[in-house]
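Chemist: Read off the chains here:
Number of protein chains: 2
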Amino acid sequence: MSEKGEVRFIGIVESSGEPSKVKIFPEFCVGLKGLNNYSHIIILYWIHLRNNEEQRRTLQVVPKRHPGAPQVGVFASRSPSRPNPIGLCVAELTKIEDCTLLVRGLDAFEGSPIIDIKPYIPRADSISEARVPEWTNHGPPT
Amino acid sequence: MSEKGEVRFIGIVESSGEPSKVKIFPEFCVGLKGLNNYSHIIILYWIHLRNNEEQRRTLQVVPKRHPGAPQVGVFASRSPSRPNPIGLCVAELTKIEDCTLLVRGLDAFEGSPIIDIKPYIPRADSISEARVPEWTNHGPPT
Chain A
34 MSEKGEVRFI
44 GIVESSGEPS
54 KVKIFPEFCV
64 GLKGLNNYSH
74 IIILYWIHLR
84 NNEEQRRTLQ
94 VVPKRHPGAP
104 QVGVFASRSP
114 SRPNPIGLCV
124 AELTKIEDCT
134 LLVRGLDAFE
144 GSPIIDIKPY
154 IPRADSISEA
164 RVPEWTNHGP
174 PT
Chain B
34 MSEKGEVRFI
44 GIVESSGEPS
54 KVKIFPEFCV
64 GLKGLNNYSH
74 IIILYWIHLR
84 NNEEQRRTLQ
94 VVPKRHPGAP
104 QVGVFASRSP
114 SRPNPIGLCV
124 AELTKIEDCT
134 LLVRGLDAFE
144 GSPIIDIKPY
154 IPRADSISEA
164 RVPEWTNHGP
174 PT
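From first to last, the protein sequence lines stand for chains A and B.
Positions in the first sequence are counted from 1; adding 33 to them yields the working numbering.
Positions in the second sequence are counted from 1; adding 33 to them yields the working numbering.
One thing to keep in mind: the hints can contain errors.
Given that identical chains are not distinguished, each listed pair holds provided it fits within a single copy or across any two copies.
Within a straight-line C-alpha distance of at most 25 Å, the following computed SDA-like cross-link-like pairs (lysine to any residue) qualify [to be verified]:
hint, residue 1, residue 2
1, K97, S72
2, K54, E143
3, K37, G101
4, K37, V95
5, K97, G38
6, K37, I80
Treat the hints as calculated values from the structure; they're not laboratory data.
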């Protein structure tokens with residue numbers, strides 16, 4: 034079996050803020066049908082600024098935005114430096130205008146390619162009591 | 034800018050069940066440091082059985098495992114047929130043995146390549162009151 038896969042960009046973060054604007058390319062727009070029935074979505078994006086060998090070979094980090102964090106593996110952190118530069122963010126969907134989503138809470142930079150949009154389903158995705166290490170409680174959520 | 038990206042497989046679903054065994058390849062194993070401090074993880078996997086043009090060109094589906102579901106866009110469903118065959122599952126991490134994770138609740142088939150592991154952080158990832166369409170309440174969680 035292959036050891037690699039190809040991802041295709043389906044959209045782009047057109048502007049970053051509150052709200053952010055996520056533009057889905059016209060050829061993928063029919064895939065948004067019914068998305069307006071969800072209040073929250075999971076956005077998978079390509080962390081294009083970290084898509085280089087140095088960042089993709091990074092396997093441990095000290096999460097600097099979290100005071101007191103120890104050195105941890107990238108899979109135990111939400112570091113943007115990781116073998117596959119895929120960012121994941123749960124965002125509030127506030128409006129859909131044609132092929133553009135207005136969302137709140139997106140942590141992606143402007144210009145980041147979008148690779149997937151999934152509906153947020155609490156019964157599958159919400160684990161309010163999940164245990165985390167203490168350092169994740171300080172600084173930004175991710 | 035490129036319209037595509039390359040994902041590299043960091044592991045594989047060695048066996049599927051309760052628990053499932055997720056083997057991380059030795060060269061990525063140091064990236065797991067500290068993961069044992071989390072009770073839940075987000076697993077991104079490559080839906081290898083849907084990695085073909087027909088499935089990747091699918092933009093609308095009728096979610097057949099959910100009785101009463103209408104035809105919706107793939108981005109408004111968790112359908113495995115989508116432009117990028119990336120599956121996302123929140124799973125309970127029950128044990129780490131060397132480079133193998135034992136997890137509960139993983140919906141990936143045996144043999145699925147793993148592309149990322151992220152810690153589940155309720156403050157970022159848990160939205161218990163998120164609104165969903167009625168049909169998602171019937172059938173499996175995703």
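Chemist: Any of the earlier hints contradicted here, and which numbers?
Modeler: Hints 3, 4 and 5 contradicted; others consistent.
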